[in-house]
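**Student:** Sequence:
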Amino acid sequence: MHHRYNRACRNVSTTTAARLSALAGLVLLILSSGGCVRGEPNVLAGNRDGIFYFGNSTEPQSLDPHVMSGQPEVNIARALFEGLVTRNPITMDMDPGVAQRWTISEDGKVYTFYLNPEARWSNGDPVTATDFVWSITRSIHPLMGNQVAYTLFPILNARAFGTGELADETLLGIQALDTHTLQINLENPDPFFLETLGTYPAYPVHRATVEAHGEPTDRFTRWTRAENFVGNGAFTLSEWLLNRRLTVTKSETYWDAERVKLNQVVFYPIENLVSEEKMFRTGQLHFTNQVPVSKIPWYRDLPDSPYHQGPQQGTYFLSLNIKREPLTDLRVRQALAMAIDRDRLISSILYGTAVPSAAMVPLDTPGYRSPPGAAYNPEKAKALLAEAGFPDGEGWPGLEYLYNTNEQHRSIAVALQQMWKDTLNIDITLVNQEWKVYLDTTNEKNYDMARMGWLASTFDPLIFLDIFTSTSGINRTNFADARFDKLVKELIPRSVDDDRRLALTQEAEAIVLDNVPAIPLYNYMTKHLVQPSVTGAPSNELDIQNFKY
Numbered sequence: 001m002h003h004r005y006n007r008a009c010r011n012v013s014t015t016t017a018a019r020l021s022a023l024a025g026l027v028l029l030i031l032s033s034g035g036c037v038r039g040e041p042n043v044l045a046g047n048r049d050g051i052f053y054f055g056n057s058t059e060p061q062s063l064d065p066h067v068m069s070g071q072p073e074v075n076i077a078r079a080l081f082e083g084l085v086t087r088n089p090i091t092m093d094m095d096p097g098v099a100q101r102w103t104i105s106e107d108g109k110v111y112t113f114y115l116n117p118e119a120r121w122s123n124g125d126p127v128t129a130t131d132f133v134w135s136i137t138r139s140i141h142p143l144m145g146n147q148v149a150y151t152l153f154p155i156l157n158a159r160a161f162g163t164g165e166l167a168d169e170t171l172l173g174i175q176a177l178d179t180h181t182l183q184i185n186l187e188n189p190d191p192f193f194l195e196t197l198g199t200y201p202a203y204p205v206h207r208a209t210v211e212a213h214g215e216p217t218d219r220f221t222r223w224t225r226a227e228n229f230v231g232n233g234a235f236t237l238s239e240w241l242l243n244r245r246l247t248v249t250k251s252e253t254y255w256d257a258e259r260v261k262l263n264q265v266v267f268y269p270i271e272n273l274v275s276e277e278k279m280f281r282t283g284q285l286h287f288t289n290q291v292p293v294s295k296i297p298w299y300r301d302l303p304d305s306p307y308h309q310g311p312q313q314g315t316y317f318l319s320l321n322i323k324r325e326p327l328t329d330l331r332v333r334q335a336l337a338m339a340i341d342r343d344r345l346i347s348s349i350l351y352g353t354a355v356p357s358a359a360m361v362p363l364d365t366p367g368y369r370s371p372p373g374a375a376y377n378p379e380k381a382k383a384l385l386a387e388a389g390f391p392d393g394e395g396w397p398g399l400e401y402l403y404n405t406n407e408q409h410r411s412i413a414v415a416l417q418q419m420w421k422d423t424l425n426i427d428i429t430l431v432n433q434e435w436k437v438y439l440d441t442t443n444e445k446n447y448d449m450a451r452m453g454w455l456a457s458t459f460d461p462l463i464f465l466d467i468f469t470s471t472s473g474i475n476r477t478n479f480a481d482a483r484f485d486k487l488v489k490e491l492i493p494r495s496v497d498d499d500r501r502l503a504l505t506q507e508a509e510a511i512v513l514d515n516v517p518a519i520p521l522y523n524y525m526t527k528h529l530v531q532p533s534v535t536g537a538p539s540n541e542l543d544i545q546n547f548k549y
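Following this note's numbering, the numbering of the sequence shown begins with 1 at its first residue and continues without gaps.
Mimicking PhoX-like on lysine-lysine, the simulated pairs with C-alpha atoms at most 25 Å apart in a straight line are:
1) 445 <-> 489
2) 323 <-> 489
3) 382 <-> 421
4) 445 <-> 486
5) 323 <-> 445
6) 109 <-> 486
7) 278 <-> 295
8) 486 <-> 323
9) 421 <-> 323
10) 250 <-> 261
Quick caveat, the hints were computed from the structure, so don't treat them as lab data.
When you get a sec, could you build the whole thing from the sequences and use the hints?
**Tutor:** This is how it looks when you write it as structure tokens:
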């Protein structure tokens with residue numbers, strides 16, 4: 001399946017590159033007392049030595065692909081692991097990964113993968129079909145606590161096993177026919193299943209290494225330390241200095257090593273966007289995770305800008321803990337949603353670098369259109385809040401808004417705080433936490449309202465709805481609805497008619513939008529600064545950077 005997307009990026013001209021390089025030189029040529037240059041910029045050294053310096057937002061919570069759920073972790077996982085198939089960041093097609101080829105039965109329910117006999121783990125062990133059986137079973141296992149295991153539930157009996165209803169893992173629809181042949185049976189045909197197999201929940205892990213450092217389903221053990229790590233990706237973990245940098249080095253055992261041009265990728269956990277932009281401008285980064293919105297107009301005006309922007313399959317939303325007062329009242333949730341002027345938020349805070357939306361599923365999802373959400377309506381918002389017992393904010397008990405440390409998240413929080421004050425006359429307290437603490441707080445549902453983002457790994461609209469099922473490990477809202485669960489878990493997956501699948505998906509999204517356990521604000525756009533020396537890293541709708549390319 002091919003999808004059109006806007007590659008809103010251009011090559012950087014010699015003039016612009018010279019400006020940036022000159023500025024880097026002015027900042028970095030700091031002389032010691034002996035009059036010597038302290039060091040050359042990372043970018044210049046990296047261009048010579050094949051080292052890619054990558055801004056990666058924050059310190060990863062885990063490098064275990066069956067534990068992670070955040071984008072900073074996934075960026076690293078794409079370098080360290082490889083699934084049966086892998087996403088080509090240029091064509092957006094699924095390329096061979098560990099599997100050289102595959103066949104799909106006529107009824108769409110049986111996938112047979114023929115593994116590359118040259119595929120190796122970083123310690124030299126062969127990658128086998130049994131490795132995938134063991135790893136995918138581990139990923140789904142209820143004791144693993146994998147928050148995104150549900151993406152693998154199309155596999156026969158996976159939902160029952162993953163939710164603890166079925167104890168016998170041998171009944172899962174995945175088996176090794178021989179050393180290099182893997183067969184996966186599905187409950188129902190799934191047009192997005194091949195894409196799912198290229199994502200991190202389906203990555204294999206090295207069984208002997210995992211078991212040498214604890215039980216198979218232990219979530220945080222030492223197997224992911226640099227000195228213990230074994231992976232099967234184009235790179236292997238060579239250094240992890242907490243809160244400083246994480247380095248991956250080209251794997252000599254990788255089956256496609258000749259295609260890998262980089263010798264290393266260095267990931268910097270930079271939460272401060274201003275610092276990240278300065279590191280790019282002074283030649284310390286090839287690629288930034290984000291760009292401070294205040295700097296975007298300047299970069300956009302450059303004749304051949306290093307600023308790359310394009311549409312992205314992702315939604316920025318507010319997660320509401322609907323068991324916390326006063327959010328238990330639907331009218332309060334609706335009032336909060338209708339008091340938000342998304343157009344003003346995008347134009348004044350984000351400089352037009354996002355697409356305002358009141359829907360959960362992104363607006364440009366191929367073949368799908370969302371039902372209407374709670375649009376900006378200040379008068380109705382006031383009336384709803386009054387009906388809930390807080391006329392003009394009187395008697396308002398207060399509410400906390402949680403966000404992880406980041407200038408852009410803070411700017412959005414401040415803008416929303418003012419909108420709610422201006423329209424509803426209510427006070428919202430802002431609370432920020434570091435990434436790991438924020439994840440723990442939201443996972444434990446120890447919050448009132450929190451900013452949240454969900455980025456798709458495939459083009460399936462269900463990616464944005466399955467997170468609200470009552471059994472989802474990502475459902476941090478306490479929302480539960482029997483009809484919604486039935487639609488997402490049973491009726492949509494079983495539907496083989498495209499029109500019916502579309503109608504049922506729209507019905508499911510309407511239930512979420514009507515109950516307001518979340519308030520969608522906008523669809524993301526990719527925003528990166530990229531040095532002119534970088535090729536093979538285009539803007540794409542899933543914001544995937546596959547470092548082997």
